[in-house]
Amino acid sequence: MDHMITARQAVRHAGRFFIGGQWVEPSSDATITVIDSATEQPFLEVAEAQAADMSRAIAAAREAFDNGPWPRMSHAERAGYMRALAQALRKRGQDIRELWPREAGALATLAQPYTDRAASEFEYYADFAATHAFEEYHKPTNGEFGLLVREPVGVVGAIVPWNGPVVAISHKLAPALLCGCTVVLKSSPEAPGEGLIYGEIAEEIGLPPGVFNVVTANREVSEMLVTDPRVDKISFTGSTATGRRIGALCGERIARCSLELGGKSAAIILDDADIESAAEALARAECAINGQVCASLTRIIVSQQRHDAFVEALTASFSRVRVGDPYDSSSEMGPLATRQQHEKVFGLIAKGTEQGARLVTGGGRPHGLNRGFYVEPTVFASVESRNIIAQEEIFGPVLSVLPARDEAHAIDIANDTIYGLNASVFTPDIDHARKVAAQLRSGTVAQNAFRIDFGIAFGGFKQSGIGREGGTEALGIYTEAKTVILDGRPSSFIA
Amino acid sequence: MSDTIDFQHVTPALRVHAGTRAFTHLPRELDRLGSKRAVIICGATLGREASPLDLVREALGGRLAGTFSSVKAHSPVSSVKAAADLLRSLKADAVIAVGGGSAIVTARAASILVAEQGDVASLATTVRDGALTSPRLGNPKLPQLIVPTTPTTAMAKAGSALLDDETHARLALFDPKTRAQCLFIHPDLLASAPRHLIVSASLNTLAMSIEGLMSSKGDPIADGELIHALRLCDQHLRNDETVDTPKARVNLAIAALLCGQGTDHSGAGMTTVLGHAIGSHFGIENGVVNAIVLPTVLHFNAAAARDGIDKVAVALGLPGGDVARVAGRLRALFETLNVPAHLREAGVKKTDLPDIAKRAMGDWFLKSNPRPVQDEHELVALMEDAW
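As given, the protein sequences belong to chains S and C, one line each in that order.
Using our numbering, you'd call the opening residue of the first sequence number 1 and step up by one each time.
Using our numbering, you'd call the opening residue of the second sequence number 1 and step up by one each time.
Bound conformation, chain S alone (with noise of 0.2 Å):
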């Protein structure tokens, strides 16, 4: 029950919803308990929208987004609430670390940074007021005067998953602040606690009502946040099959919508890349969020003549990993987020090694650890690309080696999926890597690491997403271009 009080404290209307800037009251009683991944024990219970909660909230977005100040201010007050926003976001790393290690397994130690992480993009976006030209001057065919504006797209509906919440929010949030929509949020139901304090940072900071509204809905009720006809765009992180269910809705009545989903990304470990810094460093990068990350490096290839000495050095690093309470400082990876997720993955272990591939090491529970949902660090080796376990997203701590004839054959399993999200290709060869890359069909490609960057862009080809979040990709998809031919310039235009 201790761990009630300390969520209550971090999340101080758990029991309310965020609209029209205010915490109101539910429509119902209906509550979701949200349960503490390694103790398996309740440890928040949040109010749960009902119908006539989320078109509550919908209204208000659409209300401030039509008749509110939000989208009619210049780009710089509007950065100047964001600049409020993350100073305010920054001093709440205690209360996430307080939500995130329990909703979804993650380190304690990766709260405040994280959360400086989400802070710091509110910043980033801030910056663009003075650098971005949101108008620009084009020469008409016809006419004076031409101008291409990026206008706020409307009414975003955000949609975010459990497994980082304070920056899936950042990444939607704050770009669309800047463009000048307004925003209901719909935190998930494994992971609501982060919304519900962004929450609390916009009535701390007095954003104009109505422009940032949380709700924490099922599947049901988050179905009307897609279907709205208020809502202008919907902006969704989460898994590929939801992602196809949300594109499909949107597509019946033409609604903008941005899709970051899953992967299932390649590593390819080039004849003259180091094995054992390749291994550390895969092995490293699946502990993050104990491997419920989408942009995860997850199908790793290998040439068949160094498959069993990759396999060596990657089992070595990986079965070193030290699982624990993510609230022990000397855990290095700790449990998955929900008990589906945990029989998700020992179900996809099973099917693997029933479908050929060799288990090297983990595929179990950790000794010692009998209660929570962790997971061994796993490692399959000789996988074929057809297995289930290099098609399927895991989300968990699981990476398969796939052995591959030649380089060729390594871009050809690398691409043989129906995902393109993230990918790395090992190598000392610059240009090399340059060249592997333009031959990945994926939305990131590294060298060497694990990188995603949302200063750049990140999303997905193929069926990992539509749409990229981060740099000034992400102005494109919370703005409509307007086009504009006058007969001559006007006074508010400023080149």
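These aren't lab readings, by the way, just hints derived from the structure by calculation.
Do not take every clue at face value.
What the hints assert, rightly or not - Chain S is nowhere near these chain C residues, computed Cβ spacing over 10 Å in every case: (1) 19; (2) 139; (3) 196; (4) 224; (5) 336; (6) 373.
Stated by the list, open to error - Cβ-Cβ distance ranges computed for the label pairs, FRET-style: (7) C:347 - S:484: 31 to 41 Å; (8) C:303 - S:206: 48 to 58 Å; (9) C:345 - S:484: 46 to 56 Å.
Beta carbons: idealized from backbone N, C-alpha and C, even for Gly.
Start from chain S and add chain C according to the hints.
Here is chain C on its own, set in the frame of chain S:
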């Protein structure tokens, strides 16, 4: 816990013939029983000309006195009475049930009606003072032979659950003398059932085996039967492409037989109860309901049945008895078979759950669930997890 084992395990006599030559033994078996006028009991589809039933007819030759081919799903009393009338008029001296659970139950129950006086209700099992009480049905019964067309556990049982045509209540008859004396497991007969029936019946076998292994009752012989039943189900359901092979179908029928025998000596539990409470009401096959709720029920019961989880893990080829691994392994199997993962995908509405819980609380088998169920709310919470 004592360090010796104390138990009694009486195995009723049963002669099993399996394989493509199974029916060559049919005449000899009838001789042993002194039967010259056997009657086949089956459903309308099998009763038609040029069906796999011909194999049985040919093997019987002049010993076949007649065929009752009007077995109805869920064995309604009216159809059982009609079967009993035919058995009487043909002066049957043995019954051969050819079909799935309904044919087997109709044959058993009709044989009871032929031998006993009184209406069905007066012969049925009732709950009195918290215990099941079955009237003694002392008269000799026609010998029962079974040719299964689905892998149903009913082939090993002595009980017959009938459907009251008017009230739709379940009437349970129990008479050990109606237990089958002889089984013929023939691949051609098992080939006649559609694939989904084979799968759903085997999911039911799998769930019953697990509940038997988890229950506080049981003994090492029952464990042996149930572990192998579970292993066979897992092996033959796991590969989607081979479920439909003759070999798989025979093995799944043997699994059902072992499970039926094993669960006579062990308890059932909440998976079975929810199968009853949800299946017929929503037109979902019991085995499918069993599969949807089983992982959730395993978690609910795990702490109260650690030994049981260990036995299940052994059968599934998993080391140690971690409930998450067992549940994950089963979920992966069900996914391969395209079983819905949630009750909502099977057509159950969230608002239906309280009614289901109410029905389930009245189910006799709930008493043998390893972890006692406190009240309806606990059941609703559990079903919400599987919803």
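**Message:** Of all the hints numbered above, which does this structure not satisfy? Sort the numbers upward.
**Reply:** 5, 7
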